[in-house]
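Asker: One-letter residues, chain by chain:
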Amino acid sequence: KQEVTQIPAALSVPEGENLVLNCSFTDSAIYNLQWFRQDPGKGLTSLLLIQSSQREQTSGRLNASLDKSSGRSTLYIAASQPGDSATYLCAVRPMGRDDKIIFGKGTRLHILP
Amino acid sequence: GAVVSQHPSWVICKSGTSVKIECRSLDFQATTMFWYRQFPKQSLMLMATSNEGSKATYEQGVEKDKFLINHASLTLSTLTVTSAHPEDSSFYICSAPGPSGYHNEQFFGPGTRLTVL
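Protein chains in written order, with the numbering used here: chain H, 1 to 113; chain L, 1001 to 1117.
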């Protein structure tokens, strides 16, 4: 059974710092891995999608890497800003006949001004 | 891009009433949609898979008679919370796999916040 774990559960860093959020999954048989952002009381915003054949994806100050064999992904945020404060969710789509995705519990990020 | 909408965005109801939440794929067809529930400060928990033209598939522990799902068209799935109680208060989110060309990406609705008094 696929399980997704995110570490740390919460993180507070001063503005301007670079930071890394971690995601691990137990079964490497996945189609893709997706990183989402969720603001309090709001829906999900997709940040980056990495296909199983890819090693990384970049969007602006965000860079996500994927090491499928070891079951790990990281989300790197450069030059953090207070507006980056949110919960970041990692989700994998396991290989199989359905389109289900499995979420981690998220990392609550707080950027201190 | 592929857009998923939900209606209503929030609803308050009295205990014992039923509430219907709609999930629509606006510019693509979705034979499958997913319904999630999220309690405060918790992650998303998959409740059920909605299948167009057939019965929904429920995750273990989710009451089928409590959470009725109908997927009557290729762009609309509905979730009805029957005889709602305060413990059903939660944030409900739906998603759909994007059309071909979107590389298996899931698209999420903005969510519906249900408060049962």
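FYI, nobody ran anything at the bench for these hints, they're computed from the structure.
These numbers come from a predicted model, not from an experiment.
Glycine included, every Cβ here is placed at the ideal spot set by N, Cα and C.
Keep in mind that the hints are not guaranteed to be accurate.
EDC-like cross-link-like pairs, simulated, lysine to aspartate or glutamate; straight-line CA separation at most 16 Å [claimed, not checked]: (1) L:Lys1055 x H:Asp98; (2) H:Lys68 x H:Asp27; (3) L:Lys1041 x H:Glu17; (4) H:Lys68 x H:Glu17; (5) H:Lys100 x L:Glu1105; (6) H:Lys1 x L:Glu1059; (7) L:Lys1014 x L:Asp1088; (8) H:Lys105 x H:Glu17; (9) L:Lys1064 x L:Asp1088; (10) L:Lys1066 x L:Glu1052; (11) H:Lys1 x H:Asp84; (12) H:Lys100 x L:Glu1059; (13) H:Lys42 x H:Glu3; (14) H:Lys1 x H:Asp27; (15) L:Lys1020 x L:Glu1105.
In silico contact screen, one side only, chain H against chain L (beta carbon under 10 Å); selected entries [to be verified]: (16) Phe36; (17) Gln38; (18) Leu44; (19) Ser46; (20) Leu49; (21) Ser59; (22) Asn63; (23) Asp84; (24) Thr87; (25) Leu89; (26) Asp99; (27) Ile101; (28) Gly104; (29) Lys105; (30) Gly106; (31) Arg108.
Asker: Now look at each hint and say whether the structure bears it out.
Answerer: Going through the hints against the structure:
In summary, the hint linking L:Lys1055 to H:Asp98 is supported, as the alpha carbons are separated by about 15 Å, within the 16 Å threshold. Taking the CA atoms of H:Lys68 and H:Asp27, the gap is near 9 Å; set against the 16 Å cutoff, the hint holds. Proposed proximity of L:Lys1041 and H:Glu17 is contradicted: the alpha carbons are some 25 Å apart, above 16 Å. Between H:Lys68 and H:Glu17 the alpha-carbon distance is near 27 Å, which puts this suggested pair outside the 16 Å criterion.
With a C-alpha separation of about 11 Å, the suggested pair H:Lys100 and L:Glu1105 falls inside the 16 Å cut-off, and the hint holds. Between the alpha carbons of H:Lys1 and L:Glu1059 the distance comes to roughly 14 Å, so the proposed pair stays at or under 16 Å and holds. Restraint check: the Cα-Cα separation between L:Lys1014 and L:Asp1088 comes to about 11 Å, which is no more than 16 Å; the hinted pair holds. A distance of roughly 24 Å separates the Cα atoms of H:Lys105 and H:Glu17; the hinted pair therefore is violated under the 16 Å criterion.
At most 16 Å may separate the alpha-carbon atoms for a hinted pair to count; L:Lys1064 and L:Asp1088 meet this at roughly 14 Å. Proposed proximity of L:Lys1066 and L:Glu1052 is contradicted: the alpha carbons are some 20 Å apart, above 16 Å. Taken as a hint, the H:Lys1 and H:Asp84 pair is broken in the structure, with Cα atoms around 32 Å apart against an allowance of 16 Å. Restraint check for H:Lys100 and L:Glu1059: the C-alpha separation of about 11 Å stays at or below 16 Å, so the hint holds.
In summary, the hint linking H:Lys42 to H:Glu3 is not supported, as the alpha carbons are separated by about 24 Å, beyond the 16 Å threshold. Among the hinted pairs, H:Lys1 with H:Asp27 is consistent with the structure: their alpha-carbon atoms are about 8 Å apart, no more than 16 Å. For the suggested pair L:Lys1020 and L:Glu1105, the alpha carbons sit about 26 Å apart, so the restraint of at most 16 Å is broken. About 8 Å separates the beta-carbon of H:Phe36 from the nearest beta-carbon of chain L, less than 10 Å, and the hint is met.
With a cut of 10 Å, the hint placing H:Gln38 at the interface with chain L holds, because the nearest CB-to-CB distance is about 9 Å. The beta carbon of H:Leu44 comes within 4 Å of a beta carbon in chain L, closer than 10 Å, and the hint placing it at the interface holds. Evaluation of the H:Ser46 hint against chain L yields a held restraint, the C-beta minimum of about 7 Å falling below 10 Å. Proximity of H:Leu49 to chain L holds as hinted, the smallest CB-CB distance being about 5 Å (cut-off 10 Å).
The interface hint given for H:Ser59 is violated, since its Cβ lies 14 Å from the closest Cβ of chain L, which is over the 10 Å cut-off. Below 10 Å, beta-carbon pairs count as interface contacts, and H:Asn63 has none with chain L, the closest being about 18 Å; its hint is therefore violated. Proximity of H:Asp84 to chain L is violated relative to the hint, the smallest CB-CB distance being about 19 Å (cut-off 10 Å). For H:Thr87, the shortest C-beta to C-beta distance to chain L is roughly 8 Å, which falls under 10 Å, so the interface hint holds.
For the restraint placing H:Leu89 at the interface with chain L, the shortest Cβ-Cβ distance is roughly 7 Å, inside the 10 Å limit, so the hint holds. A cut of 10 Å between beta carbons decides the hint on H:Asp99: the least distance to chain L is about 4 Å, and the hint holds. Interface restraint check for H:Ile101: the shortest CB-CB distance to chain L comes to about 6 Å, inside 10 Å, so the restraint holds. Interface restraint check: H:Gly104 against chain L, minimum CB-CB distance 7 Å, threshold 10 Å, status holds.
A cut of 10 Å between beta carbons decides the hint on H:Lys105: the least distance to chain L is about 4 Å, and the hint holds. Of the supplied interface hints, the one on H:Gly106 holds, with its beta-carbon coming within about 5 Å of a beta-carbon of chain L, less than 10 Å. Of the supplied interface hints, the one on H:Arg108 holds, with its beta-carbon coming within about 8 Å of a beta-carbon of chain L, less than 10 Å.
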